[in-house]
Amino acid sequence: MIGISPKALALGAIVSLTASAAMAHGYRSGALSIQHPWSRETAVGQAVGGGFLTITNSGDREDRLISGTTPVAAEVQLHTMTMDGGVMRMRQVTGGIVVPTKGSVELKPGGYHIMFMGLRRQLRQGERFPVTLRFQRARSVTVQFAVQPVTSTGPMESSHAGH
Amino acid sequence: MPDTEQNAPRSGLARLRTALWLVLAVATLVGIAVVYDRGHPVGDPSSGYASAFGGPFNLTAPDGSTVTEKVLAGKPYAIFFGFTRCPDVCPTSLARMARLRKQLGPDGMKFAIVFVSVDPGHDKPADLGNYVALFGTPIIGLTGTDAQLEQIKKGYGVYSAKVTQPGGDYTIDHTAAIYLMTANGEFSGTIDHQESDATALEKLKRLIA
Chain B
1 MIGISPKALA LGAIVSLTAS AAMAHGYRSG ALSIQHPWSR ETAVGQAVGG GFLTITNSGD
61 REDRLISGTT PVAAEVQLHT MTMDGGVMRM RQVTGGIVVP TKGSVELKPG GYHIMFMGLR
121 RQLRQGERFP VTLRFQRARS VTVQFAVQPV TSTGPMESSH AGH
Chain A
1 MPDTEQNAPR SGLARLRTAL WLVLAVATLV GIAVVYDRGH PVGDPSSGYA SAFGGPFNLT
61 APDGSTVTEK VLAGKPYAIF FGFTRCPDVC PTSLARMARL RKQLGPDGMK FAIVFVSVDP
121 GHDKPADLGN YVALFGTPII GLTGTDAQLE QIKKGYGVYS AKVTQPGGDY TIDHTAAIYL
181 MTANGEFSGT IDHQESDATA LEKLKRLIA
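Line by line, the protein sequences give chains B and A. Quick note: the first sequence, position 4, residue 4 per the working numbering, numbers continuous. Quick note: the second sequence, position 25, residue 25 per the working numbering, numbers continuous.
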């Protein structure tokens with residue numbers, strides 16, 4: 001303990017807390033791992049929110065994200081978005097989102113995403129809310145979505161990874 | 001009297017000649033007009049028809065007040081069409097405008113940011129006010145009746161259409177460009193969602209110069 005200031009101790013504690021929080025924000029279900037689920041804050045009365053995450057499949061069988069449930073919304077839908085000659089088109093995905101063998105799928109702004117339809121309450125910056133994801137093969141898993149500022153374009157936690 | 005008789009055929013010829021010249025003149029004018037029109041198609045905002053772009057509109061602000069092109073006149077503005085349920089392009093574009101405004105420093109307030117919801121079925125003016133307030137910078141959120149929205153969409157050449165989803169609800173396909181308008185309500189350019197911030201910033205600097 002000699003020579004270690006309380007300041008350094010506090011800093012160490014913060015660093016380890018941050019690190020464990022970041023690690024805790026990854027989830028596993030069988031061959032699948034889910035990283036950094038995040039969502040944008042919503043306005044009072046806003047009925048719909050979007051969710052994003054990355055799913056990695058280490059197994060040798062393809063899987064699919066089929067659906068989900070959450071206490072904060074009436075319905076969880078899977079959507080995709082495309083830009084077509086300057087026109088934004090959003091469509092509900094039927095048949096699930098494929099998580100390829102030995103690969104991953106990223107749900108992010110500008111592509112696949114989760115829609116929380118019929119929000120029961122406002123999503124506030126800084127909070128987390130649970131969503132149970134259902135897959136074709138892997139068992140259902142409940143993950144916590146981190147609510148970020150509306151201006152976010154990616155998960156805050158992975159910013160150190162250069163994304 | 002004989003003079004008139006003698007002049008009769010000549011004046012007939014003169015009349016014919018005048019008529020022919022007139023036909024030639026009209027044909028030339030039509031030809032010029034056609035060529036000019038081809039080079040400057042109507043609706044191409046970069047042409048001499050720029051003043052026709054945008055045009056009059058009549059929409060409702062979150063506080064219930066009416067906003068027209070005359071209310072916005074006097075300050076350049078960046079206008080974007082979308083809806084609050086749009087998870088990607090709309091928040092990303094609005095966040096970007098807020099970020100670019102910040103980068104311009106004090107000059108950032110020299111232009112207005114206008115967000116028009118083309119989803120009056122879901123977005124009431126007050127909802128729109130709550131939504132734009134999330135972005136931490138003044139944004140004018142506008143919407144209107146279907147007819148009022150048709151008018152402004154036509155003026156800006158914006159496409160939007162309701163698309164029914166499997167669950168019975170609907171989403172909206174819409175043009176994602178940001179239109180830059182001068183203080184006089186004339187078209188100045190667009191910011192595309194794929195353009196870099198640096199390019200977009202240059203366009204905004206030109207707009208407020």
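Do not rely on the hints blindly, as some may be mistaken.
[Said to hold, decoys possible] Facing chain B, according to a computed beta carbon distance under 8 Å, are these residues of chain A, among others:
1. T84
2. T92
3. A95
4. P120
5. H122
6. T164
7. Q165
8. T175
9. A176
10. G189
[Unchecked claim] Here are some of the chain B residues that sit facing chain A, going by a computed Cβ distance under 8 Å:
11. M90
12. G110
13. V141
14. T151
15. G154
16. M156
Quick caveat, the hints were computed from the structure, so don't treat them as lab data. The beta carbon of each residue, even a glycine, is placed where N, CA and C say it ideally should be.
Going down the list of hints, with the structure as the test:
no.	hint	verdict
1	T84	holds (6 Å)
2	T92	holds (6 Å)
3	A95	holds (4 Å)
4	P120	violated (14 Å)
5	H122	holds (7 Å)
6	T164	violated (10 Å)
7	Q165	holds (5 Å)
8	T175	holds (6 Å)
9	A176	holds (5 Å)
10	G189	violated (14 Å)
11	M90	holds (5 Å)
12	G110	holds (6 Å)
13	V141	violated (22 Å)
14	T151	holds (4 Å)
15	G154	violated (11 Å)
16	M156	violated (14 Å)
Checked against the numbered hints above, the structure violates hints 4, 6, 10, 13, 15 and 16; every other hint is satisfied.
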